[in-house]
Structures are given as C-alpha cells and as structure tokens.
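Put chains B and C on the given structure of chain A with help from the hints.
Protein chains in written order, with my numbering: chain A, 1 to 108; chain B, 1 to 187; chain C, 1 to 116.
No wet-lab data here; the hints were simulated from the structure.
Quick caveat: nothing in here was measured; it's all calculated off a predicted structure.
Incorrect hints may appear among the rest.
To be verified - Derived DEER-like restraints, expressed as beta-carbon distance ranges:
#, chain 1, residue 1, chain 2, residue 2, range
1, B, T77, C, S19, 36 to 46 angstroms
2, A, K31, C, Q55, 46 to 56 angstroms
3, B, R96, C, G111, 27 to 37 angstroms
4, B, T75, C, N38, 31 to 41 angstroms
5, C, D105, A, N3, 34 to 44 angstroms
6, A, L89, B, T75, 44 to 54 angstroms
7, B, A84, A, K35, 25 to 35 angstroms
8, C, G16, B, R96, 29 to 39 angstroms
Claimed, not checked - Taking beta-carbon pairs under 8 angstroms as the criterion, some of the chain A residues facing chain B (in silico):
#, residue
9, T4
10, S9
11, I12
12, D13
13, G14
14, E15
15, I16
16, S17
17, G18
18, D19
19, E20
20, L22
21, G26
22, G30
23, V80
24, I90
As the list claims (entries may be wrong) - Only pairs whose alpha carbons sit at most 20 angstroms apart, straight line, appear in this in silico DMTMM-like list of lysine to aspartate or glutamate:
#, chain 1, residue 1, chain 2, residue 2
25, C, K107, B, D85
26, C, K107, B, D101
27, A, K29, A, D69
28, A, K97, A, E56
29, A, K74, A, D101
30, A, K29, B, E29
31, B, K62, B, E29
32, C, K72, B, E29
For glycine and all other residues, C-beta sits at the position ideal for the given N, C-alpha and C.
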Amino acid sequence: MANTVIGSSIVIDGEISGDEDLVIQGTVKGKISLKESLIVAGSGVVEADIDTQNVEVAGKVTGNINASDRVELKSDCRMVGDIKAPRILIADGASFKGNVDMDVGKGR
Amino acid sequence: MAIQSREGAGVATEIGESILISGSLEGDEDLTVRGRVEGNVRLTRTLIVEASGVVKADVAVKDAVISGVVVGNVTATDSVQITADGRMVGDIAAPRVIIVDGASFRGRVDMGDVDAARHDGAGAKSLPRPAGKASSSAARSTQLARSSARESGRPASPPRPPAGSSAPLPPLMAGAKKRVILKKGKR
Amino acid sequence: MADATGVIGKGIEIKGTLSGAGDLVVEGRVEGQISLKNMLTIEESGEVRADVEVQSIVIQGRMAGNIEASDKVQVTSTARVVGDIKAPRVVLEDGARFKGSIEMDVKLPEGLAPHR
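One chain only, chain A, in its complex shape:
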C-alpha cells in the first residue's frame, strides 16, 4: 500500500482520515483519524486529536490520542494531552503531560 508522508515543509489545517499508515514530518492542526499507524516524526508538529490503531511520536503532539492498539512516545518527543490505549510505551527522555487510560474495552 502506498506510504503517505506529509513532508516537513507542509502545513495542514483540517482533517485527515484514511486506511493506511501516515508519517507526519510537517505540521498538522485539526483532527487525524486513521485505521492504521500514525508516525509523528521528529520534525512533526501535531495539534490535533488523534484516533488511530497505533501511534508513534518522536516529535510534538498537543491533543488527545485514542489508539486501539498501542501508543509509543519516543525519547525527545513532547506530548501534551490524554492518551487512551491498551498498550503504552514511554521512552526515557520523552516529555509527557496528560492522563493515561489503559483500560480500553475492559470494564472496571
């Protein structure tokens, strides 16, 4: 399947949705909704609510993440927002501020 990459000089203000992986190296403001993986590269800046299967953040995210599978915050990333996902990995060096909810789908 084609690889979608939003290059580093691109600024999108709006909504992105789709059924494939998405790599963001530029700036996206708005809303992102994918059935597969979202990768926010080191240069990426996302100010949006994110709803996907997996998310990998190496850049900057301001917004809430709702992932059906897993969220990974890599070192040097900066995230402000709530994360809701069954699996979460926050690497040493990552900067995160927000709530984490891993009880997705499991009643309490």
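This is chains B and C only, laid out in the frame that chain A set:
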C-alpha cells in the same frame, strides 16, 4: 516512493490512495496526491495529481500536473499540464498551459495577454460569452446594427483585467464589430 | 462539391461567410463566419476573426472567435487564440497562447459537484 526525510530536506510529500485531507494544505515542496484533498492547496512547488487522485480545491502552485481529477480553480506561476488521464473542471490561470490529447477539461484558460489579431486598429472588445453560438450568423446581423451603435469610433481599452496587463484585446468575432470597410482587396 | 482542399493564400483577405464540405487552409485573413464539414487549418501566417463551426481545426496562426468542433481542436505551439472552444477533444500544445474557455465533456466521479 520511499521517503526518508531529514528535517527540512524539502522531500516530496505523498498522499496515499486511502487518505482524505479536508482543510487547507500549504508547503514548500512537491506534493503528489493519490488520495483525496479537499479545500485549499498552496505550494511553492509542484502539485501532481495521480490518476487515482481527486483534488476538490482551489489550488495555487508553481506547476501542476494533472492526471487525476481536479475540481476547482488552478493558478500556477509556471505551468499547468493536464495529461491524457486528467480531468478538470475549473479555471486555469498560468503562463503555460498544456492540454494533452485525451484529457478532459471544462473551464476558462487565462495565459495573460494573447495577441490574436492586430488589425483594423479598431480597438478591442471583451470576449462575448458563448450563448448559443452555433447560430451566430443570424445573431451577427442583428449585432451589426446593435454594435455599431455601441461602438462609435474606437472603443476604449477592454474592461478585462487579466494578469494586470493593459494591452487591448483584439477585436473579436466579426459580429462584434462589423464596420464594413471595403478594403481594397489585395488579390 | 468535391472534397477538395481550398487554400486562402497569404495575400488574400476575405470578409464574409465561408462554408463548404472540403478542407480549408487559411494562410491569409478571414473575417466573418466559417462553417465546414471537414477540417480547417489556420497556418502560421493565417489570421481568422470569425466564429467557426467545423469538424476539426488545427490552429497554427492567429484566431479570434468562438470555435465549435464536432471532432478535435488542436492549438499548436505557434498559435494565438482568443475565444471559446467547444469540442469533444481539445489539445493545447506547449507554447500555445490562449485565452478563453474550453468546454469538453468531463466525466467526474460520483459525488463531485463542480464549483460552477
């Protein structure tokens, strides 16, 4: 297309087939659309709409190569090309426009000043809109009576401001100004 | 009414209505109205200020007027055209100078309503 990007490398951006972007998109790199973009696109480089791509937006770019569907106006500082698979509805404003055989297009094309006829020194007139031009011979004779009343002498420069130019447009269409000047025919 | 090719030479100027069944090549000037069943060619030296109704047209010179073709309109790299074109096939070569509207049949995917 494998994209490894180093930051600021101005690498081309690709929008995959299943992606829909709705909003405004701007950037300083080439953009290849295989999916769907709606809204507004502004690039300082090239927009490529692949055969599967659909762009329903107003577009302002340097170049555009359209092999998919574009609905909206396209303004380019360099060129617009509609390839054989391309389909576009909208207006094009660019100094170079290429429409390849097989392409479909409906809209206006403005390349700036076009000097299509320079004769008669009889001033210029804006383009009459094509309203049922198939039978313009009848219209022509009535226009003849009407237009001679309208255009006594030389009409002023045309009211059309295309690309900020001021050269008068050529006199259009015989019907518009049928001053019967019986020129001495050079046979 | 043979399907011969008529030629309007460089030094000729015609004002009026031209119609016919053959091909026509214009190297001179025509002003008025042209209606042909076949092909009109405007050579590089040609200048036409007329509404044109043809089967196909190849424009290499200057043309000011509206064109309605049942087959193909080709605007070559040396052409300078101002007017509206309506035809199933229209080709604009690189280098052509054109200002006006073009109307071809455009099949859009479902659900795409054009702005206009």
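Verification of the supplied hints:
1. Between T77(B) and S19(C) the beta carbons are some 43 angstroms apart, a value that agrees with the proposed interval 36 to 46 angstroms.
2. As the Cβ distance of K31(A) to Q55(C) is approximately 53 angstroms, the hint placing it in 46 to 56 angstroms holds.
3. Checked against the hint of 27 to 37 angstroms, the C-beta distance between R96(B) and G111(C) comes to roughly 32 angstroms, which is consistent with it.
4. For T75(B) and N38(C), the Cβ-Cβ distance of about 38 angstroms falls inside the hinted range of 31 to 41 angstroms, so the restraint holds.
5. In this structure the supplied range 34 to 44 angstroms holds for D105(C) paired with N3(A), their Cβ-Cβ distance being about 35 angstroms.
6. The supplied range of 44 to 54 angstroms is met by L89(A) and T75(B), whose beta-carbon atoms lie about 46 angstroms from each other.
7. Between A84(B) and K35(A) the CB atoms are about 33 angstroms apart, so this pair conforms to the stated range of 25 to 35 angstroms.
8. For G16(C) and R96(B), the hinted distance range of 29 to 39 angstroms is satisfied, since their beta carbons lie about 36 angstroms from each other.
9. Because the smallest distance between the Cβ of T4(A) and any Cβ of chain B comes to about 4 angstroms, under 8 angstroms, the interface hint for this residue holds.
10. Because the closest C-beta pair between S9(A) and chain B is about 4 angstroms apart, less than 8 angstroms, the hint holds.
11. A least Cβ separation of about 5 angstroms between I12(A) and chain B falls short of the 8 angstroms threshold, and the interface hint therefore holds.
12. Interface restraint check: D13(A) against chain B, minimum CB-CB distance 5 angstroms, threshold 8 angstroms, status holds.
13. For the restraint placing G14(A) at the interface with chain B, the shortest Cβ-Cβ distance is roughly 1 angstroms, inside the 8 angstroms limit, so the hint holds.
14. Nearest Cβ of chain B to the Cβ of E15(A): about 5 angstroms, under the 8 angstroms cut. The hint holds.
15. This hint holds: I16(A) has a C-beta 5 angstroms from the nearest C-beta of chain B, less than the 8 angstroms allowed.
16. The criterion of a C-beta within 8 angstroms of any C-beta in chain B is met by S17(A), whose closest approach is roughly 5 angstroms, and the hint holds.
17. Hint on G18(A) holds. Least Cβ distance to chain B is approximately 4 angstroms, under the 8 angstroms limit.
18. For D19(A), the interface hint holds, since its Cβ comes within 8 angstroms of a Cβ in chain B; the closest pair sits about 4 angstroms apart.
19. Hint on E20(A) holds. Least Cβ distance to chain B is approximately 5 angstroms, under the 8 angstroms limit.
20. For L22(A), the interface hint holds, since its Cβ comes within 8 angstroms of a Cβ in chain B; the closest pair sits about 7 angstroms apart.
21. Residue-level restraint check for G26(A) holds (minimum Cβ-Cβ distance to chain B is 7 angstroms; threshold 8 angstroms).
22. Because the closest C-beta pair between G30(A) and chain B is about 6 angstroms apart, less than 8 angstroms, the hint holds.
23. At its closest, the beta carbon of V80(A) sits 21 angstroms from a beta carbon of chain B; the interface hint therefore is violated under the 8 angstroms criterion.
24. Interface hint status for I90(A): violated, as the beta-carbon distance to the closest one in chain B is roughly 23 angstroms, over 8 angstroms.
25. Under the criterion of a C-alpha separation no larger than 20 angstroms, the hint pairing K107(C) with D85(B) is consistent with the structure, at around 11 angstroms.
26. Between the alpha carbons of K107(C) and D101(B) the distance comes to roughly 15 angstroms, so the proposed pair stays at or under 20 angstroms and holds.
27. Annotation: proposed proximity of K29(A) to D69(A) is violated, straight-line Cα distance about 23 angstroms (limit 20 angstroms).
28. About 16 angstroms separates the Cα atoms of K97(A) and E56(A), which keeps this hinted pair within 20 angstroms; it holds.
29. For a cut-off of 20 angstroms, the pair hint linking K74(A) to D101(A) stands: about 18 angstroms separates their Cα positions.
30. Between K29(A) and E29(B), the direct Cα distance comes to roughly 19 angstroms. Compliance with the 20 angstroms bound is thereby established for this hinted pair.
31. Taken as a hint, the K62(B) and E29(B) pair is honoured in the structure, with Cα atoms around 10 angstroms apart against an allowance of 20 angstroms.
32. This hinted pair does not check out: K72(C) and E29(B) have alpha carbons roughly 36 angstroms apart, beyond 20 angstroms.
Taken one by one, the earlier hints fail for this structure at numbers 23, 24, 27, 32, listed in ascending order.
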